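Colleague: Here is what each chain is made of, one letter per residue.
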Amino acid sequence: MVSIDHYLVLATFMFLCGTLGVLFRRNLLMVLMSIELMLNAVNLVFVSGSRLLGNLDGQVMVFFIITVAACEAGVGLAMVIALFRRYGTVDTNFLRVLRG
Amino acid sequence: MLFWLILFFPLLGAFLNGLVLRKASPTVSHVLGAAALVAAFIYALITYLQFMGAGGQAQVITGIDWIDAGTFKAPFNFILDRLSGMMLLIITGIGSLIHIYAGGYMHEEKATYRFFSYLNLFVFMMLLLVLGDNLLVMFIGWEGVGLCSYLLIGYWYEDDKNAAAGMKAFLVNRIGDIGFLLGIFLTFKYFHTISFSQLKDMILTAGANLNGEQLQAIGWITLALFVGACGKSAQMPLYVWLPDAMAGPTPVSALIHAATMVTAGIYMMTRLNFLFYLAPDTQMVVASVGAITALFAATIALVQYDIKKVLAYSTVSQLGYMVLGCGVGAYSAGVFHLFTHACFKALLFLGAGSVIVAMHHKQDMREMGGLRKFMPVTHFVMLIGVLAIIGFPGLSGFFSKDEILWRAWTGGDSYHIQWGLGALAAVCTSFYMVRLLMLTFYGKNRSDHHTQEHLHETSVVMWGPLVVLAILSAGVGYLNVPHILPFPAHLLFENYLEPVISIPPLVADHWHHLHAEYPHSLEWAIMGVSVIGMAVSSIFAISMYSDGFGKLAQSLGSVFKSGHRVLSNKYYVDEFYDAYFVTPLRDIAQFLWKIVDVVIIDGIVNGVGQACMLIGGLSSFRMSGSLHRHGMVMIVGIVCMLSVLFF
Amino acid sequence: MEFINSHILSITTFVPLLTAIAVLLSPALSIARWVSMGGSIVAFLASLHIWFYFDAQTAGLQFTEMHEWIPSFGIRYIMGVDGLNLLLIMLTTFLTPLILLSVWHLDDKKQKAFLSLFMTLECGMLGSLVAFDLVFFYVFWEAMLIPMYFIIGLWGGKNRIYATTKFIIYTFVGSLLMLAAMIVLYVLHFQQTGVYTTNLLDLYGTSAEYSTQMWLFAAFALAFAIKVPMFPFHTWLPDAHTEAPTSGSVILAGVLLKLGTYGLVRFAIPLFPQATATFAPVMVALGVIGIIYGALTAWMQKDAKKMVAYSSVSHLGFVVIGSVAVISGGAALSAEALTGAVYQQINHGISTGALFFLVGCIYDRRHTRMLADFGGIAKVMPWFAVMLIVATLSSVGLPGTGGFVGEFLILLGTFLSSPLAGATAALGVLLGAVYMLTLCRKILFGPLENEENKTLEDLTPREFAYLTPLAILAVVMGVFPNLFLDKVRPSIENLANNFRNYKIVAEAPLESNQLLGADHKEMGH
Amino acid sequence: MNFNIPSLTAEFYLTTSPVLILCFGALVAMLAGVSRRLGGELVIYSVLLLSLVGALAAAVAASPGVETAYLSGSYLAGVLSRFGQVLILLVSLIVTLLFKATFLRDRFFRGEIASLFLMVITGMLITVASEDLVTLFVGLELSSIGLYALVGYLNPSRRSQEGAIKYFVLGSFAAALLLFGFALLYVSTGSLRLTEVSQAVPKLLGHNWVKLGVVFSLAGISFKLALAPFHLWAPDAYESAPTGLTALMATTVKAMVIILAARFFAGSLASVYEVWLPALMFVAAISMILGNIMALVQSSLKRMLAYSSIAHSGYMAIAICASSANSGSLPVAAVLYYLVGYTIVSLGAFSILMWLENKDNDNLLLDDISGLSKTHPWAAFGLAVCMFSFAGMPPTVGFIGKFFVFNSALINHLTGLVLIGVIGSSISLFYYLRVIVRMYMADPIQLPTQLAPKPSLLVAVVIGATVIANLALGTVLPEAAMKWMVETSKEVAAAPGSAEDSQSVSH
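Chains as they are written, first to last, in the numbering used here: chain L, 1 to 100; chain B, 1001 to 1647; chain P, 2001 to 2525; chain A, 3001 to 3507.
These aren't lab readings, by the way, just hints derived from the structure by calculation.
If you're wondering where the values come from, they're calculated on a predicted model, not measured in any experiment.
Treat the hints with caution; some may be incorrect.
Below, simulated DSS-like cross-link-like pairs (lysine-lysine); rule was C-alpha separation at most 25 angstroms, straight line [claimed, not checked]:
1. 1551(B) <-> 1561(B)
2. 2454(P) <-> 1023(B)
3. 1594(B) <-> 2158(P)
4. 2110(P) <-> 2158(P)
5. 2454(P) <-> 2302(P)
6. 1110(B) <-> 2379(P)
7. 2487(P) <-> 1073(B)
8. 3374(A) <-> 2158(P)
Computed far set for chain P versus chain A, every beta-carbon distance over 10 angstroms [unchecked claim]:
9. 2005
10. 2168
11. 2186
12. 2246
13. 2380
14. 2503
Chain B is faced by these chain P residues, among others (derived, beta-carbon under 10 angstroms) [unchecked claim]:
15. 2335
16. 2393
17. 2448
Just so you know, even glycine gets a beta-carbon here, dropped at the ideal spot from N, CA and C.
Could you put together the complete structure from these sequences and hints?
Modeller: So this is what it looks like as structure tokens:
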């Protein structure tokens, strides 16, 4: 019997992977992908939870998350493109003007 | 009512001269100042006569309330008894003479309103001091006379030295005043009153009921008050201000630093004699300090050249006698010497002032000599003054000083040393006073040509008071003639003060010798020692200084070179104080300001601020900038939150 | 009359604030001057009304006013007068017109703002003196900092920004801790009685555990110690004084510092009697250190104003030790010392105020305050010399001036409480003379050498006008202290004898006039 | 499980009308923007104003006596929601009006921007009115995503682009954290409705997943509230965004999240405070310290205000911590009072900055306002009042707010937090004073483009109103306002799951 904990651990692992990606990848696109990974980990939890609880709220949430993630990706990519078009880079190291 | 006028006139004079008539001519100031005093004297005399006519019983004159806080009460009450009545006359009487004289002395000054204002104020304060019925009113006068002394010493403030001398006088007096204050605190703490009349009642009537704690406290009270007396009456080790105070105009020296203010300590001790009697240990200290001061100052006076300095040290020395008198329990003797001293020392100072005016404000005796020819009156009165102070038989000093020395000798074995010191001091006194007289009035005139041309006797305004004082100096001694001498009335003064001086029954045994009978031969012997010592040293001084600084004087000076140097440098006391008190204090103050305040305290305060800035700068620099670092900080935050929650 | 008597405190407090607004709205500086002077005189007259109608027979709170302010938190607008604040109110309203007179001649562009700020400051000071509700008090206490901050910061000397920032932050830190302590006390009172209130009269007697009391007392005492300022929290003061304009220094030394000692007496001591008894030795020790330390550092100063500033540290040390002179094994305070402390506050206001004015006079003429630049001024400015000497004598506590009465009573009471402390503090009397006479000597005496000093003009009639009242008062307070002490005696004895369970009764029952029309229920609890 | 399709009554439409009006306005603005003729500044301006005023009117008018949940808790109508919505709409309206007076007017009043703007507001309205984690999430994201875009797009420059990207990446990251927390809560408790979650949590106290879920949710909420150590986006975003948006971020976003946090912690999870209180105390403390300390060294005004807003979030968090115990609605009322005060003051400060800025200088430095009192005395005065208020000096609202917060905290024995708050406030005074020092005690300096804004009646009215409101709330109004706050927050205290026995503190 695969208990819910297994899903949770897997999801946590995925979430951590995503987190590490955000923390350590210098390429903005990869950072965006990592965030997507984190969201998907969340989705996994919701889906498995929904399944476990026999309750569709989790599924509904997942739909919303997917939608919102798409929006986010849209805005994010637009920003990255704007950055690339203007400065020719998508490296996060470029983003160091604001500090202090 | 008359009584209040005594206080009112000097105050009015001070007010008018000081604040209203600032544009008035010197003559107006003089007349106003002197008139205020003369009026005060007249009223004092009337009051005194009324008082004595009524039997001379002490009476308390109630005034308004002054301070009234908690259980502490200090009303403006005044005490009129034989002691304060006598002081009243001395102050206003001698004060009037000096005020009159001062007009002549100060005639070259352009605006003397300040001078007379201060002098009048001084008299007012002095009257408060002697009339106050409680320690606190006395303390007003006590500090008030200090203030006036400060202002008058620094009268010629444009010379920084004078200003410094005034300040020194004030500060040294303040040291004593702290002692006085502590005395007041202790008195209030243990007796719940500071009124003289109440204290006296309490001690004398309920003397037996005093508990041990109170008796012990009396020791401390008297000691503390004596510190105050040391300050005001220029005793060791607080005498240093008095010689410097000679920077003031000479009438000031005469009035304040010889006749009146400096005697405040003796007056206070006499006023509280019932307390001092209860503290034999303190009395021992008092007597010792008095005797040591008398000799110490006298030795310094031996070698001074400044005429006023000699008189100043002489004053310190004479005050030592008075204190010695108090210390051995002979308060009436002390006060009697105060009285005679007021006369002859005022005379000597005013005479010296007369000389100084004639010499165009030169005070060095090395430039004088032979003034007898030019100033016969001054010479004559000075001669009387000198004879009085050295104790020439028949003049006032003879009676008063010998009485003190006699009481010291009979005070018991423990007081023989004090007697010895006093007698030695008397020998010195004769020497330096005769030396002063010789150097000033005899021999050849040593001043420069210009001064010599203008040498002449001073005006009547100045020599008039001198004559009066000379008569007093010669005569007042007969008020207290010892039993052994053939005279119609003996010990008038002592009997007069009898009601004031009261030995508490508790310690009557200890002081029994004050009333004991002694063989006449002993008294003759003691007197003989003094007279012989006086005569020998006077003759010695005459022979040494018959014509200026003769060979003998010079050779003695070179033989005792180091001794002479120590004496002329006044035992280096000022230097000692400077090196061991003033300079360290200054260093500490500098350290407190420059190091503690600026570096340590402000350093911490500003350091905290700067540390915040530094941490802020570092943290905002380290944390921000990179996207990843932001994320990292967030993860660290989550980890911290988890650890807070789980552990 | 009825109305006036029941609102006199509000009138006294808020007339200056209204004046401040009117000053801002005045079309011209000349009008603004008269408006401000008028307002300050009205406030003074109002305080005279208090003085004359004050019942000196009772320790109770008089002229009380109470309105609801934030009733749901039990916070009220409570004002009252008793012997502890009466004299300070008088001092404040008395000094303000004099200060306005001293700045009469200034006519730069910002002067209107100055007058306005100054009147606001007066409102703040009066408000914190009469407030009997902790939060209400705190509002004035802190709000007062703002005008003072600007007065130093805008009209100050070269280093003014540092000084004024230091001043405000220092005070603010202490005050905030006190605010926290106030709230804790408020909560404690609620736990004991079930009523939320910040009414000081109700809070007296709130018992707290010993350890809690310690902390609360420490917080209150810190706030007040900074304001006083007590050693070692004093370093803001010399800076603030040195940089502040003359008028600012006068009001700072004259009144603002007194609020610290007033706060100790009004709040810290009666609210936390147990802690007071425990902390008294510490406070006395710091006070005595302050006396000696302030005097010694003052002695070393080369700047006349800084010297007077440090002298304040020394003088207020006296007031502090007088306030906490515990006697009878901690059962009571020494009434003598407390009287002295209350009295000395006023004296210090008068004498130090006068000293700052006088330093201002020569600064106006020479634009320097360095002692070395002066000497022999007495010759060209004899009246100035008279005034300076009178102020000096009052400052060194010469008998016959007010300073003596205060210092003497403080020392006496302290001595009764602790002979060692009293004796050590008495050294301050000597050291006080040391530096003050040095000041006099360096300014007034000695040869008149500096060419610039030879042409100095003596006091002008305007300067006379504001110095003479101070000089006269200094003497009157020394000779007729009972004139003042009679008014304050019952209150002081009440505090001194009953500080262990202190209560003040409001003479007129405090009736709650609904300020906001709110009903009286506690809510949210 | 309830699969009944809820009936959508007229009442529902009425209560949701603010949201609907804004959505409609957003659509209109977007469509109008397409047309060249209709996309003019004036048209868009009117659309914005009309929809905001309409929504405001609707929000005020919708007066639910009792809290009512629609769509199985997805939309919650009640006094607290209305409070939040009115506050947000009012501020948005004022910001919109202010944009009219700035150099950005020609950029702001364009179809797509206005549409985004209205969407952001819509998201906020939804968030404050939701009890369901789904709507809550959608509302949050709607407002956030819109803001990301606006920050980068309204006035593009290297700085604003960088700021937008940082804000976006970190925001999405935080959203993921928040979602992860929600997911864990969901898995543990089986529900996405706060009321149900709160009922289930007490039974699961020992369950580590719940704690994990709460911590992650807290992290997400802290991020939105800019609580340290989740605050680092704020300075960058505040500094790089056009000032009008900064004002919006500092006020409305904060209001939204505070109300959300009040619902979440003070309401639903109050009875199980063990699982979140230590963590929230931790972030509150860190925020007060770090925010204030880091603000000390800033030279850009907006950046300084960003750090200061972090500290203020910390103060508000104190009150939320205080609501953990059986303390009734007082702490929530206190935090709402503080929030209103902070909103007024921030609005005042930012509106002055907005007015002063120009094309060449849209990020004022401390030096730039040197001598402002001489050149623009009233602006300087307004800013000074704001600074004193931020610092919590009486007689401003800042003091009363701080008093209420400290009060509620000390009633609940959070002495340590209050002490940190006191220390933080003391530090903060320094940097607020620096602004005043610059304005009043320094001489004007020569700038490439002088700050010479056109006098604007509107700006004057706004600044005047904030100053007056500020002083009024600090002096005469606290009682009335506090009463209102208490009424408003009763809903939270009365929410199921919060302490039932919430009469009074007894120890």
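Colleague: Does the structure break any of the earlier hints, and which numbers would those be?
Modeller: 10, 11
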